[in-house]
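Undergrad: Here the protein sequences line up with chains H and F, keeping their order. Counting along the first sequence from 1, when you hit position 191 you're at 191 in our numbering, and nothing is skipped either side. Counting along the second sequence from 1, when you hit position 278 you're at 278 in our numbering, and nothing is skipped either side.
It is worth saying that the hints were derived from the structure and are not from the lab. A quick note: this is a predicted structure, and the numbers were derived from the prediction, not measured. It is possible that part of the hints are untrue.
[As the list claims (entries may be wrong)] Derived coverage of chain F by chain H (criterion: at least 3 residues anywhere in the stretch with Cβ under 8 angstroms from a Cβ of chain H; other residues may be distant):
hint, region
1, 51 to 60
2, 96 to 109
3, 132 to 139
4, 214 to 224
[Stated by the list, open to error] Far from chain H by the CB rule (all over 10 angstroms, computed), these chain F residues:
hint, residue
5, V34
6, G45
7, H155
8, R171
9, L196
10, L198
11, L200
12, Q242
13, M243
The beta carbon of each residue, even a glycine, is placed where N, CA and C say it ideally should be.
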Amino acid sequence: MYSENTLPVKLLAVLIALFIAAPMFVVIPMSFSTAPSLEFPPPGYWLGYYERFFTDRNWTLPLFNSIVIGLGTTVLTLVLAAPAAFALVRHDFRGKALLNLALMMPLVVPHIVMALAYYSYFGMLRLVQSYTGLILAHTCLSMPVAILILTAALKTFDRNLERAAANLGSRPLTTFRLITLPVLKPAFLVAGLFVFIHSFDETVIALFISGRDTTTLPRQMFNSFLMQADPVLSAASSVLFTAVLIAVAVPAVVRAVRGKRAVSPRS
Amino acid sequence: MGSSVSRLLRGPAVLYLPAALFLLVFFLVPLFNVAWMSFTEPDTGFGNYTAFFASSFDVGVLLNTFKTAAIVTLISLIFAYPVAYVAARYGGALGSILLLVVTLSFWTSFLVRTYAWMVILGVKGPITAALIMLGWSPPPQILFTTFASTFAMTHLLMPFMILTLYAVMRRIDGTYMRAAAGLGARPLKAFTSIYLPLSLPGIANGSVLVFITCLGFYVTPVLLGSPRDKMIAGRIGDEIEQMLNFGGASAMAIVLLVATLGLFALYSRFFGLDKLWR
Chain H
1 MYSENTLPVK LLAVLIALFI AAPMFVVIPM SFSTAPSLEF PPPGYWLGYY ERFFTDRNWT
61 LPLFNSIVIG LGTTVLTLVL AAPAAFALVR HDFRGKALLN LALMMPLVVP HIVMALAYYS
121 YFGMLRLVQS YTGLILAHTC LSMPVAILIL TAALKTFDRN LERAAANLGS RPLTTFRLIT
181 LPVLKPAFLV AGLFVFIHSF DETVIALFIS GRDTTTLPRQ MFNSFLMQAD PVLSAASSVL
241 FTAVLIAVAV PAVVRAVRGK RAVSPRS
Chain F
1 MGSSVSRLLR GPAVLYLPAA LFLLVFFLVP LFNVAWMSFT EPDTGFGNYT AFFASSFDVG
61 VLLNTFKTAA IVTLISLIFA YPVAYVAARY GGALGSILLL VVTLSFWTSF LVRTYAWMVI
121 LGVKGPITAA LIMLGWSPPP QILFTTFAST FAMTHLLMPF MILTLYAVMR RIDGTYMRAA
181 AGLGARPLKA FTSIYLPLSL PGIANGSVLV FITCLGFYVT PVLLGSPRDK MIAGRIGDEI
241 EQMLNFGGAS AMAIVLLVAT LGLFALYSRF FGLDKLWR
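Using the sequences and the hints given, assemble the complete structure.
TA: Okay, here's the thing in structure tokens:
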């Protein structure tokens with residue numbers, strides 16, 4: 001009988017996963033720490049740094065800015081990416097491969113290169129330090145991600161649903177509204193979420209083209225690092241991590257629970 | 001003329017043109033402007049490039065960037081492989097938990113994780129404390145060294161590597177390994193002659209992704225690294241912010257861009273670019 005000793009490799013994988021997760025075991029306790037500087041383990045616990053994160057204008061303004069820029073980027077990206085994804089999946093045209101390549105380009109170009117590019121270009125257009133400039137820049141960078149997610153969803157879309165609707169007398173636009181969009185809604189939600197996180201996390205371009213009033217949260221965190229490593233940083237980091245945890249883990253758990261239900265309908 | 005425009009608008013063009021035009025105006029034109037500045041600021045010609053390649057410091061920075069990217073890629077591959085292997089080959093609860101940890105880490109911002117390493121590797125951090133307890137005196141400086149930034153970048157990029165490896169490994173049929181064992185191969189032999197070759201596309205994908213991401217790294221080397229061994233992105237940042245030398249910064253940016261795109265072109269010749277993200 002075939003057998004192999006899988007324990008060592010499984011143990012190794014678990015150890016490496018623990019290493020990957022290690023930072024969170026530090027950042028979260030640090031956010032409740034009373035230590036005025038980077039010190040681990042914490043000498044005591046309180047909620048003061050969270051209070052400062054949510055009340056100090058130096059932190060609330062960047063948080064607000066990041067949310068505004070993230071939402072603007074999400075809307076603009078989806079508006080541009082969704083039709084392009086339809087064209088790429090449902091139509092054949094000359095230059096399609098080239099277009100596909102061009103749409104993926106922003107994924108490859110280093111952020112520092114784009115930071116320099118926008119710094120000078122938006123300077124000419126008078127868009128430096130504005131919400132508009134940051135939204136335009138972030139939209140370019142997250143376009144590939146959105147298109148990848150949407151084309152993947154469109155490829156598995158069963159077009160017979162649309163044909164059936166058409167056969168029953170539905171006009172194209174009605175079919176789109178009543179059949180196509182609802183089926184694709186999860187893909188739009190996932191794409192939107194990814195774009196939002198992408199924009200919310202982006203540091204390098206924001207560092208160069210955001211201004212005093214449009215400072216984003218990552219830029220504020222970066223500067224705080226360089227200046228004095230303000231412990232409010234760990235509260236900010238924990239909030240960001242919790243947001244990601246909710247965005248990533250909750251859908252996974254919901255899917256797991258639903259999956260179990262589907263298998264055993266009695267429960 | 002009018003009719004050709006209206007025919008164009010009935011085709012797929014009306015769907016992809018908005019995105020294409022947007023990227024033309026807000027992506028390609030700014031990039032071309034960088035290339036333009038590299039040849040025109042402050043003087044017209046190749047001055048910025050000859051200055052870059054004549055400076056032993058800047059060439060050193062470029063070489064150091066490539067060296068660091070190679071080290072980070074190799075180490076993250078070595079550590080990522082077992083995790084992806086266990087998740088793809090054995091699956092189950094362990095596989096799901098591994099994937100969840102990796103995905104969570106993947107989505108946690110680089111800044112947050114860089115900050116964590118700043119705490120862990122810092123003077124008052126647990127590593128230094130442990131070394132002191134072991135009798136290491138004076139306590140070693142870990143933060144702001146090449147080691148700290150290389151180590152943190154490896155940690156940051158490992159999830160990329162694991163997820164790309166996993167995407168390929170998931171499609172490897174597990175019965176091949178049993179067949180090899182049935183024919184008398186020992187586990188190690190079965191692994192090296194069956195599984196490893198089948199996972200090569202994943203290794204190639206992951207390595208290229210990690211390598212080119214590492215080439216352009218800005219935040220982590222600036223925050224954790226030693227000022228003595230800069231990476232090229234940090235140099236570009238200095239030229240913009242401290243020197244206001246747009247021509248020089250542009251030339252460096254173009255060198256970095258050409259290196260990145262060149263690697264991609266080379267890669268796509270051998271493996272096909274379209275497989276990278278699917």
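Undergrad: A separate judgement is required for each hint: does it hold in the structure or not?
TA: Hint check:
no.	hint	result
1	51 to 60	violated (count 0)
2	96 to 109	holds (count 12)
3	132 to 139	violated (count 0)
4	214 to 224	holds (count 5)
5	V34	violated (5 angstroms)
6	G45	holds (19 angstroms)
7	H155	violated (7 angstroms)
8	R171	holds (16 angstroms)
9	L196	holds (13 angstroms)
10	L198	holds (17 angstroms)
11	L200	holds (19 angstroms)
12	Q242	holds (13 angstroms)
13	M243	holds (13 angstroms)
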